[in-house]
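4 protein chains.
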Amino acid sequence: MIHFGVIGYGYWGPNIVRNFNQIEEASVAAVCDKNLEALKRAKKLYPSLEHTSDYKSIINSSDIDVVAIITPVSTHYQLAKEALQNGKHIFIEKPFTATVAQAEELTELAEKKNLQIMVDHTFLFTGAVRKIKEIIDDDVLGKLYYYDSTRINLGLFQHDVNVIWDLAPHDFSIMDYLMKERPIGVAACGQSHVNNGLEDIAYITVYLTGDIIAHFNVNWLSPVKVRSTLIGGEKQMLAWNDVSADEKIKVYNKGIDVTNKEGVYDLLISYRSGDMHAPKIDQTEALKLEAEYFIDCILSGRKPINDGHAGLRVVKMLEACNRSLQSNGAVIDL
Amino acid sequence: MIHFGVIGYGYWGPNIVRNFNQIEEASVAAVCDKNLEALKRAKKLYPSLEHTSDYKSIINSSDIDVVAIITPVSTHYQLAKEALQNGKHIFIEKPFTATVAQAEELTELAEKKNLQIMVDHTFLFTGAVRKIKEIIDDDVLGKLYYYDSTRINLGLFQHDVNVIWDLAPHDFSIMDYLMKERPIGVAACGQSHVNNGLEDIAYITVYLTGDIIAHFNVNWLSPVKVRSTLIGGEKQMLAWNDVSADEKIKVYNKGIDVTNKEGVYDLLISYRSGDMHAPKIDQTEALKLEAEYFIDCILSGRKPINDGHAGLRVVKMLEACNRSLQSNGAVIDL
Amino acid sequence: MIHFGVIGYGYWGPNIVRNFNQIEEASVAAVCDKNLEALKRAKKLYPSLEHTSDYKSIINSSDIDVVAIITPVSTHYQLAKEALQNGKHIFIEKPFTATVAQAEELTELAEKKNLQIMVDHTFLFTGAVRKIKEIIDDDVLGKLYYYDSTRINLGLFQHDVNVIWDLAPHDFSIMDYLMKERPIGVAACGQSHVNNGLEDIAYITVYLTGDIIAHFNVNWLSPVKVRSTLIGGEKQMLAWNDVSADEKIKVYNKGIDVTNKEGVYDLLISYRSGDMHAPKIDQTEALKLEAEYFIDCILSGRKPINDGHAGLRVVKMLEACNRSLQSNGAVIDL
Amino acid sequence: MIHFGVIGYGYWGPNIVRNFNQIEEASVAAVCDKNLEALKRAKKLYPSLEHTSDYKSIINSSDIDVVAIITPVSTHYQLAKEALQNGKHIFIEKPFTATVAQAEELTELAEKKNLQIMVDHTFLFTGAVRKIKEIIDDDVLGKLYYYDSTRINLGLFQHDVNVIWDLAPHDFSIMDYLMKERPIGVAACGQSHVNNGLEDIAYITVYLTGDIIAHFNVNWLSPVKVRSTLIGGEKQMLAWNDVSADEKIKVYNKGIDVTNKEGVYDLLISYRSGDMHAPKIDQTEALKLEAEYFIDCILSGRKPINDGHAGLRVVKMLEACNRSLQSNGAVIDL
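Chains as they are written, first to last, in our numbering: chain A, 2 to 335; chain B, 2 to 335; chain C, 2 to 335; chain D, 2 to 335.
If you're looking for bench data, these hints aren't it; they were derived computationally from the structure.
Note that identical chains are pooled: a pair holds if it fits in a single copy or bridges any two copies.
Each computed BS3-like pair below joins lysine-lysine, with the alpha-carbon atoms no more than 27 Å apart:
#1 134 / 181
#2 289 / 44
#3 304 / 181
#4 144 / 226
#5 281 / 132
#6 236 / 281
Let the hints inform the model, and build the full structure from the sequences given.
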């Protein structure tokens, strides 16, 4: 039995506790939160768990194998470092850390101590992303042309991070998982309207190997909720609409046919428009699959797809965004 | 009676002829096209018109008051200049010209000769844009926060221009018309996949006075057709979906309420979410209204909203886009 | 403190337990189910509750004030009767009973014993239905013309009832609540394809006072999920789309204008098409509101809108449907 | 060259003239309308055609081979009869005639005189209906379960017919074309609100051989425009949404799996939910294909799928609807 200590029982923590608790080989032993109201809610639902407002009692407990860190990003580094130093595996909220340097230090530390880090890139475990991964790996789309993502809605909180650090980790981790191509440059622009100088809308361009552009539209001030990703390919094109109840993924047999008749100045370009196919998407709760996968990684010693290195790659892009914002939108090399 | 000569009878020319012809005070006297097939189609439909493959015979004709130039942008300057020099008003396809210098020369020439230039920014005459103009002018949205436009679909032709010069003139002219705020900088990035180095996807950011960002997503390689514009405001927010059959414009009583309790570090930010209102949109054909308006401007001497200066403002943004593309996405000051 | 005993812990029972449990003045004291797996699930989540597979121990318990009956309709009458005879209020799943006679007997019994019956017409407590009620009561729609409901999806279970008894109670109870007009006749037709002669698709027409037709399309064999209700009125028209994430209710300023120029044979009929308005819908969980309302009714003695009489009115329509099905679709007078 | 005379140049007539005119083997020689304004519009567009307000001059003309009758249904019988008697083929608007007896007389007359009748069931020539026909004929859906059609919008004119005779001919002709099963009974109910006793909403059930139900919802008083048809089958299910710009037809690999374990009382019924497929739809104008097909039928002597017999089958259902309306919704045997 693998015992979990969970630090942070705010919005997302209860889902973590519920999901790790329902796995046969796992059990949540203790919950920590500085907010006494949150602790009270945890107590009512799980009276037999240990409850504490002191994270040290979790990190120091010899009964705990894994520490789940479900707290604001500014606290990640310190908590994760102490937990790793005390020999605990860690499951940590996204984004992994507040800086690249922190992420590098933590991944090194984990490797030295032979401990697992899983960064909670939950989206990788949704039926939609797993299906898109399968489609791309099967070369259904052919050579990729572009990746275009829009993640907008009304959703400004009193935050310590801007909209990029809040929303883009989802999309950065998804793109990192789906595509072989690697980011080589990042440019970002944005604007702050109401939140102490923290951007509430932003547009990000990521330049990838293979001459591919990825673009990300993130916005806390949109009247409509959009969760849309387009992936253009030479053979087919894919549209993922995550707010649609059905048919989240549509694969279009559409594209451009180029006939190079007599040299480059004589291209004949024509449309191709065929059937559309919407594959069935598995509906299993993503966090359930992620939790089971983490247990499996701990037991087998296998490195998860969303390990510290994956978390680091996302933080590198996030940090580059901030530097680009401060440099008038200049491209920051990675 | 105002007599028109129309140069260019390809895709859009027939609509121009039909619309000017049905106005009581106007009549199309001659049509010119170098393509004899196009000329044949014109002859069949309008046997009594003069047909020619030599534009000079239109520009030199003493019977013609207005020359409509419905040809590729690379030919605009020469045709317009000759027409103006011969004392003709001009109605000219968008984008106005291929360079800022050309647009400036033409507007000066027209003013010197007291002639009208109307640039065919048809969208300004749609029911949707006229309604949005009314909504913004009535201060329904309050202080504007951002302008976010997406105009994408599968639509690559063998073009002499990139996707920005093809699609963005629509959006630049609409934004120019709707908003008081003026562009001060432009940044663009894009990629060419199949078309001889001409970008087929591009992302443009326009920095406006008043700390407003406008963003434009234009793409010839999208499997889905999207024509969507979001305008965020302090009081309300507007979404314009031009591919929707009904309810193209939705005004959301949504936003953010900021309470500054004790200094800037103590902002209390909360959502506001209320009713949505979809105003009725007038369905009159935009080109019909534009044509009538042009006749009215010629007769009254009034300057149209889409005059040479409006055309010039759009070309300035387009030219800045190209320069930004060549400068690795750097912001080009206007 | 009002103590509940809940009989039936299958699909819906857990929601009942959770919602009554979270009300301050109420508490669930015991849960009963014949299925031991279900009972096990209840025990794990609520270890301190009494668990039993014998409903008698709930109905006979002197600690219990209210019995919630969340079981198949065929068992409702017997369970409710015994509970009422033992002096318990009842909260009972829809449809109220399997026959009109049973419903009449139970409502009489409850009145004689001065006990409350609440039939679980949950939909009446949704934000959407409460908003429509407000709109109709405010005479926004004017004189009503028709009520047209479609409730279809893929959803056949091994049932003891046909699709009408499964799905139409929702719509019958909603219509009964929203409209003053009373049903005077019912006709139904349907077909069974896979389920032992129990209809899996059916179409129902209810004739109401005031020459209004209501129509209900219920279907377990539809590939798409539709939850749509149209209410046509003289002044405005309303569309309720319950599967839409936003804008569930749209009120259209559309209609017909009739000018009676010179007698009935000279009607001049024209369209009227104006703005559309989508009011904000309260998102509170319907069952939470219903549970609180029930507690309030018990404490105050007030009769709920969804009391035994409301349940009886729905069962009358359901019974008439079955008789019409057996009479080749003939209209059954109510 | 086949010469057409067209009687009726109102809403639909211009489309008929345009489409027959553009066929190489056909030409419209004369147009007739009693409305002088309509005649004036025809003259302006086609100055070389003969124009007349006397239909006799068309029916008696020895230069005319085919008479197209694009007039209200009440005039169909007389005009068609005279045209056939004068040896003309006829192309006639739907519904074919006002009574079954008229349709029978006309089809007999045409056969006796070896003339063609084509009833303008335009929908049969749309890309959508042709694709559905192909899908059903290829047994993609398996045994059919039901046919469910909704055709509603705001659209009341000052009519001589009720909503059934206006809208249902579309759906009756489509169903008649798509399905092998034959109607054996019809029941209809409806209501008139504003139009002199002519029903403006109606619901129709058609009982078909093979225990299939078809249902039709037609409504002139709906705030939303719906053109939706569901066809349920044992193997797959089809949804046709004709107001959707793309993906009008969706084929769902969804259904019910029935396992009959031990006799009829032990059915095990489970869902099946798989991928969805949206085939590409041909966009050619339906009327163009229909016109070409008619010319082909005249030249080859082949009987069209939409001949007088097809028109008669639709009128039989329409007449039965009216009788059912007068009989309180009773099923009328066919």
